[in-house]
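Given next are the chains, with one letter for each unit.
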Amino acid sequence: MSAVDDLKSLNIRSVLATDCGSTTTKAILIEQRGDTYRLVVRGEAPTTVEAPFEDVTRGVLNAVMEVEELTGRKLLDGEQIITPQRGEKEGVDLYCSTSSAGGGLQMMVTGVVKSMTGESAERAALGAGAIVMDIIASNDGRLPHEKIRRIRDLRPDMILLSGGIDGGTTTHVVELAEIIAAADPKARLGTTYQMPVIYAGNKDARDLVVERLATKTALSLCDNIRPTMERENLMPARHAIHDLFMEHVMAHAPGYKKLMTWSPVPIMPTPGAVGSIIHTIAKREKIQVIGVDIGGATTDVFSVFQDVFNRTVSANLGMSYSVSNVLAEAGLANVMRWVPFGMEEGEIRNRIKNKMIRPTTVPQSLQELIIEQGLAREALRLAFEQHKSLAVGLKGIQQERTISDTFEQTATGETLINLLALDLLVGSGGVLSHAPRRVQAAMMMLDAFVPEGVTELAVDSIFMMPQLGVLAEVENETAKKAATDVFVNDCLIRLGTAVAAIGEGKEGARCMKVQIALPGSKSEAFELPFGAIRRVPLGADEKAEVTVDPVGGFDVGAGKGKPLRRTLGGGVVGLVFDARGRPFRLPEEPAKRIEKLAEWAMAMDLYAVDPKTLV
Amino acid sequence: MAHAYTPGLRVSPWAKIQKERRLPLSGEVLAKIGDRVTAEQVVAKTQLPGNVQPIKAASILGQHQQDLLDYMLKKEGDSVQKGEPIATAKSFFGMFKSHCLSPCDGTIESISTVTGQVILREPPIPVQVDAYVSGRVVDVIPEEGVIVETEGAFIQGIFGIGGEVFGTVHMACTSPEEELTEKHLEGDVAGKVLVGGSLVREATLRVAATRGVRAIVVGGFDAADLQRFLGYDLGVAITGSERLGVTLVVTEGFGRMVMAERTFTLLKRHEGRACSVNGATQIRAGVMRPEIVIPLTAAEAGEGREKAFDMTQGLQTGSPVRVIRAPYFGRLGEVIELPPALQAVESGAKVRILRVRFQDGSEATVPRANVEMIER
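Chains as they are written, first to last, in the numbering used here: chain A, 3 to 617; chain B, 12 to 387.
Read the hints as simulated data drawn from the structure, not as lab findings.
One or more hints might be untrue.
Simulated crosslink set (EDC-like; lysine to aspartate or glutamate; CA at most 20 Å straight-line) [claimed, not checked]:
#, chain 1, residue 1, chain 2, residue 2
1, A, Lys218, B, Glu154
2, A, Lys545, A, Asp425
3, A, Lys594, A, Glu346
4, A, Lys614, A, Glu180
5, A, Lys10, A, Glu33
6, B, Lys361, A, Asp492
7, B, Lys93, B, Glu133
8, A, Lys188, A, Asp142
9, B, Lys30, A, Asp155
10, A, Lys188, B, Glu133
11, B, Lys67, B, Glu133
12, A, Lys188, B, Glu120
13, B, Lys27, A, Glu56
14, B, Lys279, B, Glu154
15, B, Lys56, A, Asp186
16, B, Lys43, B, Glu155
17, A, Lys91, A, Asp79
18, B, Lys27, B, Glu160
19, B, Lys30, B, Glu154
20, B, Lys56, A, Glu370
21, B, Lys30, A, Glu56
22, B, Lys56, A, Glu148
23, B, Lys361, A, Asp607
24, A, Lys508, A, Asp425
25, A, Lys259, A, Asp57
26, A, Lys10, A, Glu475
27, B, Lys361, A, Asp186
28, A, Lys116, A, Glu177
29, B, Lys43, B, Glu162
30, A, Lys205, A, Asp186
31, A, Lys188, B, Glu189
32, B, Lys30, A, Asp607
33, B, Lys361, A, Glu71
34, A, Lys218, B, Glu133
35, A, Lys116, A, Glu180
36, A, Lys564, A, Glu547
37, B, Lys279, B, Glu133
38, A, Lys614, B, Glu357
39, A, Lys508, A, Asp607
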């Protein structure tokens, strides 16, 4: 019997699953209890990609040791995970893992003419969420050896090789291929894969490029990003970058090869695993879903609308390694608009840069927590913007741009994302799953995604969707059952339901009238003025009959000025009525903005103290 | 008890350091295994073919392409100097001469009677790689370079900018608290690696670059100054290729930060010695931190040599640590307790914590993730 057959027929009683994030490694222990599987405990430890260890398995062992400590179950024999389970208190039947330890995506791009194909290549890479470390062009004034040295010094994760229009001269783009070949670029993290190079240049040069690069790199070919002088065709290259990043770059880290030998099932990239869970929820409940997983280096957004599943990985938006990039992309003013107290600009910049250079630290004070949650809102917002631009239906449809809109970054395709049709918004990742109060996670998602009408909110309880995602993919019925059981019973925390009015009005003017028939014959009725938000407690297993009657210019899902009657589910937060307007705008005047943020914080019971009092 | 791992930067009085030195193209390796090399010494070199310059000779002379050879003063393979005539044509019964002059030094590569062009090859461009650190060659990469090994003091910074430089250690500030200002640049600072205290400003860095300072090592640097110095807001910490005239190594972090006493003292002990500095930083998986290498003999290293430090043991009761996040940022202390259970901190988050006793005897609770181990 083969190893695959062995795994298929295995009756799994216990599972140890880890997720190696860029910053933290999380381990969960699942055990069979009677007919169902339940989460027993979770351990975590910093991911060990830095000296002195530079070996991701050390972080895994540390997280597993924490599980051992908390359960008293022996899981390790030296540095080996004990499989299969021995007796009741030793080992597990299955160990599996996901990884996004490799972190963000830093690319180099090439083009023949810097201001033409070079810039098109840069836009393709930026559009796929990469950081562009350098543009190498035939006319950039550098000598070949300088370009070669640059490639070696920067250690890019991937190179996008473009140049020339279809049918044009092949000489220059082939020279660029020769420079890449001479640089002999090595994958940044170890020896388990070759450096991905995407060729998206003159189609006539393909064979010549293949000749030069096919054996030295993991070469992929895609359509020319600049087929003619007047046309730009970035979408195929953007998708190629995105897919290769997820498959080849983000999961890898020092020690990855060793980790691979520990599990009988392949290590899955984290967004692959989370995406599979989100897709399953949408299919099972027949609903439109958006999921988000905000990590240290990347933020992954998933959506299912009209049965089409889309996944994007914003490779440089995250809460630790990429935190300074969130600041650079969003701008300080956008981050600070979420902070309900004043702080000197220099001080805030230093704090964010200090997080960048010491990415594994966590906020100890409430003030620091609020700043981090402000950054999280911006990372989520930017990642969602990128998702909307990429979730434009079928991948095969090419998006073309003419020379006249070359300098615009906006996508022209029709996005599938329809916030009014959205049924469920699910959040995962440290900053959401570990928010000290669940209502903080709800508020971050409301502020970043600005859902419209009626939307249910949920959060991954302790950040374990990745592990359940990989477990659900194991070719074994008991493993699949374990993933489903734990997901239903222990993972998904229903936060409640938000009802948000679309429209704008004057501060304090009438916006919506709300009547709620609560369980136990209790009821509540109130009017909510424009600019306010209100939270009504309703338990996770409870339902309420809700009527929301918006005034003329507002729409809560039934049409402008039309009342909406729905049975809404509760959660740990309850029901949230959001009359802050769509589009959502914060007051620009600082004192007014701080006043408003504090008012919302108090209305939602976000913190233990009035945030205005924090200095 | 589980190990509580926390990253730490090396500040070692005695370490063995290896550096790979490779040419960007294949060439000639100038050192062999066992050779002693100095930091500035070229260990491998190659020559790049010079650039090609096409000269429209026939057109310059006002002649037909097919007749070009009749007017050439030089033939293929001949060397020429800048300004030297390479072809001459007489016209109007010899009364007027037109010359085609060489635009640069080089060699005539080809003469085309089809295009009327002369192709001139500029002289080869030498490409060299130096040893970066003074030490001994322990391995040779054929046709590419060498591995140089050295022993000595090794200090990692938390963040840096600028590439590899060499210089002599010079204590610009007298205490780790002092700010390095322009007044510290008044003496002979050219060719030196200046050690400051808690801060340096962007304006001072610019002045230092004009005075020939090779590198500045300092406790803290302001994020706003970084943006001004680089000219852009750094999103992801990947640096090293900046050409700003001076390399910067920040040992503690952003803002005014007193340099760790241990780092300051170690640098002070080796004042006047030659060192190699690299500001290159890459904070992502496969991290690179900036560094200062001071090659030493065993005798020069002195007693520090005996204190090898093993950070791989993880945090334990008694481990010396530095807090790396507010509200106790920068404070040094010793771990007194590592409770296994999660505990709530001021933010409301439940995290694994430790109890630390600071140098002034006060105690505090700090998330384990917010300390780094330091060497005793």
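Honestly, which of those hints from before does the structure not fit?
-> 4, 8, 10, 12, 14, 20, 24, 27, 30, 31, 32, 34, 37 and 39
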